[in-house]
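Number of protein chains: 2
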Amino acid sequence: MRKILIALIVGLSLMASIALAGTKNTGPAPNGMIIPEDWKDWRLISVAQRNDKNSLRAILGNNIAIDAARAGKTNPWPEGTIIAKIFWKQKTSELYKDATVPAELVHVDFIQKDSQKYASTGGWGWVRRFGLEQKDYDKPNFGLDCMGCHPKEQDYVFTRPPQLP
Amino acid sequence: MRKILIALIVGLSLMASIALAGTKNTGPAPNGMIIPEDWKDWRLISVAQRNDKNSLRAILGNNIAIDAARAGKTNPWPEGTIIAKIFWKQKTSELYKDATVPAELVHVDFIQKDSQKYASTGGWGWVRRFGLEQKDYDKPNFGLDCMGCHPKEQDYVFTRPPQLP
Numbered sequence: 005m006r007k008i009l010i011a012l013i014v015g016l017s018l019m020a021s022i023a024l025a026g027t028k029n030t031g032p033a034p035n036g037m038i039i040p041e042d043w044k045d046w047r048l049i050s051v052a053q054r055n056d057k058n059s060l061r062a063i064l065g066n067n068i069a070i071d072a073a074r075a076g077k078t079n080p081w082p083e084g085t086i087i088a089k090i091f092w093k094q095k096t097s098e099l100y101k102d103a104t105v106p107a108e109l110v111h112v113d114f115i116q117k118d119s120q121k122y123a124s125t126g127g128w129g130w131v132r133r134f135g136l137e138q139k140d141y142d143k144p145n146f147g148l149d150c151m152g153c154h155p156k157e158q159d160y161v162f163t164r165p166p167q168l169p
Numbered sequence: 005m006r007k008i009l010i011a012l013i014v015g016l017s018l019m020a021s022i023a024l025a026g027t028k029n030t031g032p033a034p035n036g037m038i039i040p041e042d043w044k045d046w047r048l049i050s051v052a053q054r055n056d057k058n059s060l061r062a063i064l065g066n067n068i069a070i071d072a073a074r075a076g077k078t079n080p081w082p083e084g085t086i087i088a089k090i091f092w093k094q095k096t097s098e099l100y101k102d103a104t105v106p107a108e109l110v111h112v113d114f115i116q117k118d119s120q121k122y123a124s125t126g127g128w129g130w131v132r133r134f135g136l137e138q139k140d141y142d143k144p145n146f147g148l149d150c151m152g153c154h155p156k157e158q159d160y161v162f163t164r165p166p167q168l169p
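For the record, the sequence lines run as chains A and B. Residue numbers for the first sequence follow this note's numbering, so the first one is 5 and each next one is one higher. Residue numbers for the second sequence follow this note's numbering, so the first one is 5 and each next one is one higher.
Excised from the complex, chain A in its bound form:
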């Protein structure tokens, strides 16, 4: 009886692990950052394309970010800003040969402005989550690498919100 019970518990634990492995990661990131679960519903800030990475990007922002973008007050971005940048591989459209469209999702990057908490990484928390399961980047404190390329003179953010009507 005891063996059956142990086997049952082990079996159920395994099933739970497998289920969790297929579940999108919405927990805290390694740097402690909490990403609101509704980030996919955020409004658009901009789009971009990168030839060296063969990718198309969409840049979304939380309400603080959108208010700042629309008011043209993004250098620096205000405290509490969160920006999500979605990266897809790009491919030629099957419907139009001169168009480039998203292929598979590669990763989503999130940056959150908290000058005190993230003082050591330019006042921004940096998070990168891979694939549909949003697996966290396993390099500790990779934000320091981001800062090596992101433009300090523009508050470490590449995106300049474009014109909207």
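A couple of the hints might just be wrong.
Just so you know, same-sequence chains aren't split out, so a pair can sit in one copy or run between any two.
Straight-line C-alpha distance at most 25 Å; calculated PhoX-like pairs for lysine-lysine [claimed, not checked]:
no.: 1; residue 1: K121; residue 2: K77
no.: 2; residue 1: K95; residue 2: K156
no.: 3; residue 1: K28; residue 2: K77
no.: 4; residue 1: K93; residue 2: K143
no.: 5; residue 1: K44; residue 2: K139
no.: 6; residue 1: K156; residue 2: K77
These are computed hints drawn from the structure, not numbers from a lab.
Knowing the structure of chain A, use the given hints to seat chain B on it.
Leaving out everything else, chain B in the frame of chain A:
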């Protein structure tokens, strides 16, 4: 006294005309379509790039469109769908030579699914508004031109919503 009054009225009318010319167009389109004023706040469906037009695009949708996109039920798109496609000229980023980013806004296209009202143009109303002032395209019933290129086998919509986590 009468001449002064006439001059005043003419002057005020001129000022009002100038002010209106600088106001973003949010009224009904030539085909009668009403575009909700908050369309800029809609959620993202996809992004795209076109080499032949040297442009970057963002595709947003109203709630009906987003629900359909996320459920993978977009062929046909449901009645009431409105999709907004924002077109910017593209340029090389000043901050990263391999990146392409939006330049000036060219136009915004809107399509609304109403199979009865727009039966003669594939079940979609077609609207194109130019520039920051959103000036309506002055070609009558240009939707017929759109249909000549948009894929009928995909409900006349090029966009295939990409993966999101």
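Going down the list of hints, with the structure as the test:
1. For a Cα distance limit of 25 Å, the shortest separation of K121 from K77 inside one copy, 22 Å, qualifies, whereas the shortest one across copies, 43 Å, does not.
2. Taking the shortest Cα distances, K95 and K156 sit within 25 Å of each other only across copies (21 Å), while inside one copy they are farther apart (32 Å).
3. Taking the shortest Cα distances, K28 and K77 sit within 25 Å of each other only across copies (22 Å), while inside one copy they are farther apart (33 Å).
4. Proximity of K93 and K143 under a CA criterion of 25 Å is satisfied intra-copy only: 22 Å inside one chain copy versus 37 Å between copies.
5. In this assembly of identical chains, the alpha carbons of K44 and K139 lie at most 25 Å apart only when taken from the same copy (16 Å versus 31 Å across copies).
6. In this assembly of identical chains, K156 and K77 lie within 25 Å of each other by CA distance solely inside one copy; the values are 16 Å within and 43 Å between copies.
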